[in-house]
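Now for the letters of each chain:
Number of protein chains: 2
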Amino acid sequence: MQGTRDYNPKQMAIREKVFNTITRCFKRHGAETIDTPVFELKETLTGKYGEDSKLIYDLKDQGGELLSLRYDLTVPFARYLAMNKITNIKRYHIAKVYRRDNPAMTRGRYREFYQCDFDIAGQYDAMIPDAECLKIVHEILSELELGDFRIKVNDRRILDGMFAVCGVPDDKFRTICSTVDKLDKMPWEDVKKEMVNEKGLSEEAADQIGEYVSLQGGMDLAERLLLDPRMSQSKQACAGLSDIKLLFSYMQLFQLTDRVVFDLSLARGLDYYTGVIYEAVLTQAGVAPVSSDAPNRAEESVSVGSVAGGGRYDGLVGMFDPKGRKVPCVGVSIGIERIFSIMEQKAEASAEKVRTTEVQVLVASAQKNLLEERLRLVTELWNAGIKAEVMYKKNPKLLSQLQFCEETGIPLVAILGEQELKDGVVKLRVVATREEVDISQSDLIGEIKRRTSEA
Amino acid sequence: MQGTRDYNPKQMAIREKVFNTITRCFKRHGAETIDTPVFELKETLTGKYGEDSKLIYDLKDQGGELLSLRYDLTVPFARYLAMNKITNIKRYHIAKVYRRDNPAMTRGRYREFYQCDFDIAGQYDAMIPDAECLKIVHEILSELELGDFRIKVNDRRILDGMFAVCGVPDDKFRTICSTVDKLDKMPWEDVKKEMVNEKGLSEEAADQIGEYVSLQGGMDLAERLLLDPRMSQSKQACAGLSDIKLLFSYMQLFQLTDRVVFDLSLARGLDYYTGVIYEAVLTQAGVAPVSSDAPNRAEESVSVGSVAGGGRYDGLVGMFDPKGRKVPCVGVSIGIERIFSIMEQKAEASAEKVRTTEVQVLVASAQKNLLEERLRLVTELWNAGIKAEVMYKKNPKLLSQLQFCEETGIPLVAILGEQELKDGVVKLRVVATREEVDISQSDLIGEIKRRTSEA
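Chains as they are written, first to last, in numbering that gives the first Met the number 0: chain D, 0 to 454; chain S, 0 to 454.
Some clues are possibly wrong.
Because identical chains cannot be distinguished in the list, a pair is counted as satisfied if it fits within a single copy or across any two copies.
Straight-line Cα separation of at most 27 angstroms, BS3-like style, residue types lysine-lysine; simulated pairs [stated by the list, open to error]:
1) Lys184 to Lys448
2) Lys171 to Lys325
3) Lys396 to Lys26
4) Lys59 to Lys192
5) Lys95 to Lys59
6) Lys192 to Lys9
7) Lys234 to Lys244
8) Lys53 to Lys41
9) Lys26 to Lys393
10) Lys244 to Lys393
11) Lys352 to Lys26
12) Lys84 to Lys345
13) Lys26 to Lys392
14) Lys95 to Lys181
15) Lys95 to Lys26
16) Lys9 to Lys26
17) Lys26 to Lys181
18) Lys244 to Lys367
19) Lys84 to Lys325
20) Lys396 to Lys325
21) Lys16 to Lys26
22) Lys95 to Lys47
23) Lys84 to Lys41
24) Lys41 to Lys244
25) Lys9 to Lys325
26) Lys47 to Lys59
Rather than coming from a laboratory, the hints here were simulated on the basis of the structure.
Between the sequences and the hints, there should be enough to build the whole structure, so can you do that?
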């Protein structure tokens with residue numbers, strides 16, 4: 000099917016490793032996990048994704064409720080909080096979401112893909128949970144060893160304030176914002192053209208926006224903008240800038256400012272963000288393919304490497320509460336498919352073979368008519384918790400049993416023969432070195448555990 | 000939404016434990032894992048599920064391919080094998096499937112539910128992989144401590160042979176088989192009525208079937224039936240009976256015959272089975288609710304407790320291969336939702352609180368204005384791999400920090416105060432015993448690891 004894929008055992012082994020790293024990090028930060036159905040009532044998803052709503056998969060009306068496949072994990076999370084009247088939770092959710100997008104599989108974009116979300120819901124002191132979300136991005140990207148990365152931060156209130164002081168009419172904020180969002184895919188000249196020609200913005204306003212969105216910096220930039228004669232006229236912008244300052248002070252304590260940049264061009268498309276927003280991009284050369292239509296733009300290669308994003312959405316839960324009660328939320332989503340692609344490329348480039356099972360030992364026989372003895376021994380091993388296999392043949396050849404181990408990476412072979420059975424021993428063979436030792440049946444389990452303890 | 004549910008953190012903690020047990024068992028037996036998309040081409044699912052095909056969820060035709068949500072994991076597995084020309088694999092797959100059934104949530108039946116499948120594909124010597132599937136059921140049900148259970152086995156060829164010798168016309172085999180399948184929900188009299196009145200079988204044929212389907216036993220029953228004057232006239236039945244004998248001999252070596260019964264009433268609904276079939280049921284009193292319309296039938300309470308099932312399906316992969324090349328398969332599906340329900344009931348009945356996080360320590364403060372110090376310390380702990388939390392408040396009260404630990408089961412609190420900071424120590428408090436010790440900052444990480452090593 001278009002835009003979907005099966006994962007084979009090798010891909011699954013890589014995927015499991017990545018999920019384990021991410022889950023470990025989420026748990027290190029005290030997150031619980033929840034799960035929601037793969038489909039939601041259609042009305043739950045309506046009006047949450049702006050122009051992208053056309054990408055939602057609907058189920059056929061077979062009688063009963065109208066259902067759609069989930070588009071992300073954030074809206075179901077908000078629906079879950081409102082429905083259960085939960086006002087405080089730190090949760091992660093790793094699951095598939097669905098978008099009827101034009102698949103670009105070489106760049107790791109699919110119609111069915113995983114999201115790994117971590118969110119903190121609750122009324123807390125400003126910027127502490129927000130900073131923890133960024134700490135999590137930093138930890139995960141560092142631990143996965145994907146190469147250099149940068150985390151861009153901005154604030155929706157700064158964008159809105161900027162639009163206001165640059166003379167954008169109120170009703171054009173969202174549409175101009177989604178044009179700014181394209182800055183990571185198009186040069187400023189094209190973005191400006193879209194603002195002026197398609198969205199009817201004045202050239203003067205566009206130029207003023209152009210000046211701001213080229214700015215990048217740290218806490219110092221936030222301080223400078225708080226003194227900017229135009230920007231400081233917007234209360235909203237000032238609130239956002241003060242929070243960016245506070246965020247940087249917490250990020251310093253969390254030891255992650257080396258990777259973070261305050262970037263006024265960061266917009267992010269989704270409607271529901273209300274405060275801080277952020278996005279992590281891989282910056283290492285060679286990781287991100289540069290598209291042929293913009294070969295000279297550094298930002299292009301950066302943007303393709305986007306691997307995490309998120310922000311604050313204080314209004315979303317209220318949309319699902321009958322009384323409109325708000326639950327402030329902040330969260331981050333790890334772009335796991337992009338990370339899988341990179342890890343797969345790495346695995347292919349490396350000489351090391353990816354094992355797809357964890358089997359410690361194959362129970363083999365050197366002679367014919369030993370099936371019963373093999374089944375008896377493998378039962379003993381299974382009952383003792385050893386990962387073991389036996390070939391499903393009455394009389395397999397020893398050579399083919401040894402080859403099976405080589406192919407699948409099984410490190411040990413327990414070989415039964417008539418002499419061994421008479422002596423009450425098993426010949427334990429180390430596949431890599433071909434070393435063989437006779438071991439009494441009673442010592443076998445301990446010996447296998449000892450020799451495969453690091454596996 | 001009807002027939003679906005959110006899993007809350009407590010349910011997820013139980014679910015994770017069950018999944019871990021099952022995955023560990025699958026891996027112990029050397030299985031790889033794969034994943035397939037949640038939807039398949041509609042045509043892939045068509046004609047695979049007999050009368051139940053009406054329960055398939057279709058996606059809306061939004062242009063492009065016609066898609067349906069997967070109904071089980073077996074058909075996608077067969078499609079995967081044919082598509083990738085795989086002739087040998089031992090794989091497990093844990094994922095959700097979808098059925099537009101009448102939900103019976105109290106009995107653990109949902110429209111969205113998990114399946115945990117283990118299958119062995121490949122041309123092997125008879126009954127060895129089949130016996131391993133049953134060994135896996137035995138291991139999982141034993142390890143989960145769900146109480147007594149029984150595994151019923153039968154063979155489609157025995158059923159078909161029995162139908163033939165009892166005078167059922169060829170074209171009525173499948174429909175009579177699905178009536179026999181209802182024996183775990185209805186008494187024989189009603190099943191017979193359906194055969195005669197609805198399906199037009201002769202009363203004589205029905206009575207002959209009735210004699211056979213009341214039989215239960217072990218290897219001895221298979222031997223007896225091989226000598227049965229009527230049954231032994233069917234080549235098919237004899238092939239099935241010989242394989243049941245062989246299966247029992249392997250199950251003896253695998254040490255599981257104490258739980259297994261050869262039961263001629265076991266039919267299983269799905270069209271694709273071609274050989275051995277099996278089903279595991281919980282037999283412990285109190286576990287399975289007895290329905291009010293048949294209060295006196297022991298089989299009723301047994302059937303509601305069905306927790307695993309499977310069998311051999313040698314023709315399914317060939318249906319997806321352009322040249323019809325067959326790949327023999329045998330597998331088992333663990334009925335995980337039923338198991339969740341039981342584990343949840345157990346958890347509720349038990350005094351022990353289910354923890355939903357694994358946090359080892361809360362970084363707390365005894366005085367005001369120590370947020371920076373708390374953030375610095377929790378960063379050190381995270382960087383050292385400790386699972387740690389900090390409350391998202393500038394000045395939380397010590398009491399509320401301690402209460403948070405009690406509520407969530409965090410065993411340790413690292414308390415910072417001005418005196419401690421001056422002395423370069425942290426006060427480590429054990430929540431359960433209220434014991435407090437001063438520990439130097441440099442020893443803290445080791446001490447936390449030591450005290451929570453069993454967690």
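Query raised in the report: Which of the listed hints are broken here?
Result: Hints 1, 4, 6, 17, 24 not satisfied by this model.
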